[in-house]
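Chemist: Chain by chain, the residues:
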Amino acid sequence: MNEPAGQLLSVRHLQARYGRLQVLWDISLEVCKGEFVALIGANGAGKTTILRAISGVIRPSAGEVTFLGQSIGGMPAHKISRTGLGYITEDLNLFEAMSVQDNLLLGVMTRQDGSPRGEALNEVYQLFPILSQRRRQLAGTLSGGERRMLALGRGLMSHPQLLMVDEPSLGLAPRLVLTVFDALTDLHRRGVTILLVEQNVNHTLSVADKAYVVEHGRMVLQGPSAELLQNEYLREAYLGRR
Amino acid sequence: MESGLQHRPRTPPRRRSLLRAWLSAWGLSPVFVVGVALLALAPLWARDAYLQRLLVVSLYFGALAMTFDFTGGFINAVNFGFAGFVGLGAYVATLVVRNAELSAWVGLPAAALATGLVGFLTGLLTLPLRGIYVSLMSWFVGMTLMALAGALKDVTRGARGLVVPPMAEGITTLGYLYVLLVMAVALYLLLHRIIRSRAGLAFRAVGQNFDAACASGVDPTRYKLLNFTLSCACAGFLGGFYAHFVGIVTPAIMDTSYTMEVMTLSFIGGSGSLLGGVVASFLLIPIFDSLKYLMEYRLIIYGLMLILVMIFYPAGLYGLYQTAAQALRQRFQRR
Amino acid sequence: MDLLTLQGLLMTGLLRGGLYALMAVGLALVFGVMNICHFAHGEYYVLGAYAAFFAHVTWGLHPAIAILVAAVLSFLAGAVSEKLLFYPLRKLNQSGWVMNAFLLTAGLSVVLQSTYRLAFGTKYRGITQYWNASVTLFGMTVAADRLVAFGIALVTISGLWLFLQKTPTGRAIRAVSQDERGAMLMGIDLDRIQTLTFALGSMLAGIGGASLLSLSPAYPYAGSKPLISSWFVVTIAGLGNIYGAVVGGFIVGLFESVSYFALGQGWQEVASLLLLMLLLLFKPTGLFGTNIKTVWE
Chain A
1 MNEPAGQLLS VRHLQARYGR LQVLWDISLE VCKGEFVALI GANGAGKTTI LRAISGVIRP
61 SAGEVTFLGQ SIGGMPAHKI SRTGLGYITE DLNLFEAMSV QDNLLLGVMT RQDGSPRGEA
121 LNEVYQLFPI LSQRRRQLAG TLSGGERRML ALGRGLMSHP QLLMVDEPSL GLAPRLVLTV
181 FDALTDLHRR GVTILLVEQN VNHTLSVADK AYVVEHGRMV LQGPSAELLQ NEYLREAYLG
241 RR
Chain B
1001 MESGLQHRPR TPPRRRSLLR AWLSAWGLSP VFVVGVALLA LAPLWARDAY LQRLLVVSLY
1061 FGALAMTFDF TGGFINAVNF GFAGFVGLGA YVATLVVRNA ELSAWVGLPA AALATGLVGF
1121 LTGLLTLPLR GIYVSLMSWF VGMTLMALAG ALKDVTRGAR GLVVPPMAEG ITTLGYLYVL
1181 LVMAVALYLL LHRIIRSRAG LAFRAVGQNF DAACASGVDP TRYKLLNFTL SCACAGFLGG
1241 FYAHFVGIVT PAIMDTSYTM EVMTLSFIGG SGSLLGGVVA SFLLIPIFDS LKYLMEYRLI
1301 IYGLMLILVM IFYPAGLYGL YQTAAQALRQ RFQRR
Chain C
2001 MDLLTLQGLL MTGLLRGGLY ALMAVGLALV FGVMNICHFA HGEYYVLGAY AAFFAHVTWG
2061 LHPAIAILVA AVLSFLAGAV SEKLLFYPLR KLNQSGWVMN AFLLTAGLSV VLQSTYRLAF
2121 GTKYRGITQY WNASVTLFGM TVAADRLVAF GIALVTISGL WLFLQKTPTG RAIRAVSQDE
2181 RGAMLMGIDL DRIQTLTFAL GSMLAGIGGA SLLSLSPAYP YAGSKPLISS WFVVTIAGLG
2241 NIYGAVVGGF IVGLFESVSY FALGQGWQEV ASLLLLMLLL LFKPTGLFGT NIKTVWE
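Chains as they are written, first to last, in the numbering used here: chain A, 1 to 242; chain B, 1001 to 1335; chain C, 2001 to 2297.
To be clear, the hints were calculated from the coordinates, so they are not data collected in a lab. Accuracy of the hints is not assured; some may be wrong.
[Said to hold, decoys possible] With a Cα cut of at most 27 angstroms, we get these calculated DSS-like pairs of lysine-lysine: (1) A:K33 / A:K210; (2) C:K2091 / A:K79; (3) A:K33 / A:K79; (4) C:K2166 / C:K2225; (5) B:K1153 / C:K2225; (6) C:K2225 / A:K79; (7) C:K2123 / C:K2225; (8) C:K2083 / A:K79.
[Stated by the list, open to error] A short, non-exhaustive set of chain C residues, derived as facing chain B with CB atoms under 10 angstroms: (9) C2037; (10) F2039; (11) S2109; (12) Q2113; (13) L2118; (14) F2120; (15) Y2124; (16) N2132; (17) V2135; (18) G2151; (19) L2154; (20) S2158; (21) L2254; (22) Q2268; (23) L2274; (24) F2282.
From the three backbone atoms N, C-alpha and C, an ideal C-beta is built for every residue, glycine too.
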């Protein structure tokens, strides 16, 4: 296979189903090192399922998933996570009854390079100072915005090669949505490769390098964000303007 | 997630004779009819007293497994104190005969009534609980009954137990077999009728998804109570019979290991099949009993079988039967 | 009731409570992490007792080493049972896990009891004492064995607490108990954690059985009393609540010793069970239980 230089994740003809119900047909996408890629589409289009199939939470029924040149399709989730692929789910899956610091430390179970834990912890605290203030508090007691910060921070602890983030703006107040997007762009500027799933098309296209549009479990459009913003169909269907 | 999306064409209703429809409505499947006929004709082929005894014990455990399945297989609540209810029935039947000096024909209904009442109360206790908590609660009730049987020494003579007079003057093992056969058939017809009625649907609805059942207008309280009361009453009824048959009743009859035995039979037979447990009982109990050296290992084998069935083949014998019948039918139709 | 009797009751209650706490912590751990209502927990207690008996009496090992042998053995037995039984059950049918796993432990309990009976007969195998000494506490003479067993229970529980709080693996166990998917995505191998948890739970029971050998001898059915009592404890504490299990252990220990004194043996059991049912009815999450699925928070 000829892989373009810097290719991190490549998904080819991916299919997935829940029981007998097929939800993904022939999904292909590609993420290169340092890119900020977005998956956009309506609620229920299958965006979350794509992330689940890549991360091993569900087993793809067909297709190939290659990460860092290694085929990871069908591998158990914890092994995929250990290859350096981070996944922050829509419902965050925080350990509610554990302290913020314990949550972060759990993120470092799978550290790739041998750098000490304390360092990673400091980095995250620098990135999100609010977490440092709350380090002894139980994760379940945090506010919505803080919970997202914690999930992001926990995802970063292991220095993943690629961070997949599912709907980080879901259910947040508009002001907080901006904060989360700022945090994501900041991370991207620091060299983190990001695959973002969002319904908020406007915001997403303003920060992502390129995007894929998913409808009814299929890819319908793809291209650099700037081009997509000019696309008639997209503008009509998602941005509500001509 | 997958339901409702695929509409399968319904198979056209097969024409069935009125007789067959009637038989099936009463649950008189070929297996059942043949089994009952064989037992009714026992004097012709089972002359040996030992063999007759074996038939009684197998049928007794089979009937218990059926009763157990009525709760476990339908409303999906495992009554872990089952042996306690059986024992309660045994004690009540015994005490009625011994202390009130009435005949067994009063004792057995009294046993059913008393256990039914305690079953009803247990049902009430489990009402606010779900799943595993129901099992825990019924287990605690069963153990309380056993502890009471041990503690109420004035009435039960504690661990020394009570001697029970025979059911009737000069009754033979064959006589017991016929009594039990009539009891078991009657219980089966009753339980099967209920399963086939609206109540049966409600049981399954309550068992599969409590909240959905509530939402769709089934009153789970009523059906849960009905189910618990009935199955406990049946257990007590059978327990009363057994007390007469073995002639002694001690608190040990309420031990959880008996619940285990009955539960295993019912699970091996196939959850939700009523008759599966009876078949399992007739298959297993004679094997254990005739191979005396197996008796030592009996509980190990039961436990292992329960484990294996749970892990690898939850459908049990009934599932096996269904699969086989299905395959046969298909082969038949293809011709 | 005079003061000395009261003191005696409190003392036996507390000492008994230590064992119950130890057993119940194991139950709570297994429930909290794996969602298993463990009905065969008592069988690992018995295993520990047998192991300690043979190690101490037959091989003549030092009591401390005998108890250690029992701990290691029951740990291994727990690990093997998990890999052999619960692991395949988890992989093969996921629906109705709690009930199926419960039934599986019921089967396991019967199998183990009968195996002990076949292997060792129904003979009681006990010792008079590990340590030939007694201590006078508050004007009462207490056998050293009791105090040592109590000490072992406390040390084991504290050790487990430290392990769960301070080590990465312990943290991973807590993580799995709270959010399996989250733990999986952090790279935690669920299968490994589940096996470890079951092994640890069994080890706690085994240590209990071993350290109390002089008070309750090993025999095939010795596990049911401690099992019921520790179920009593976890029902009070709330299933899966480890911290509650420690406190609950002492409550049950005291309750049992007082009700035993007041009611006699038969009725004491009835009283315990009635109280248990009331609790299940009115406070199914336990006295301290706010969140059922928590391990030691």
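Chemist: Which constraints among the numbered hints does this structure fail? Numbers only, ascending.
Modeler: 4, 6, 14, 15, 16, 17, 18, 19, 20 and 21
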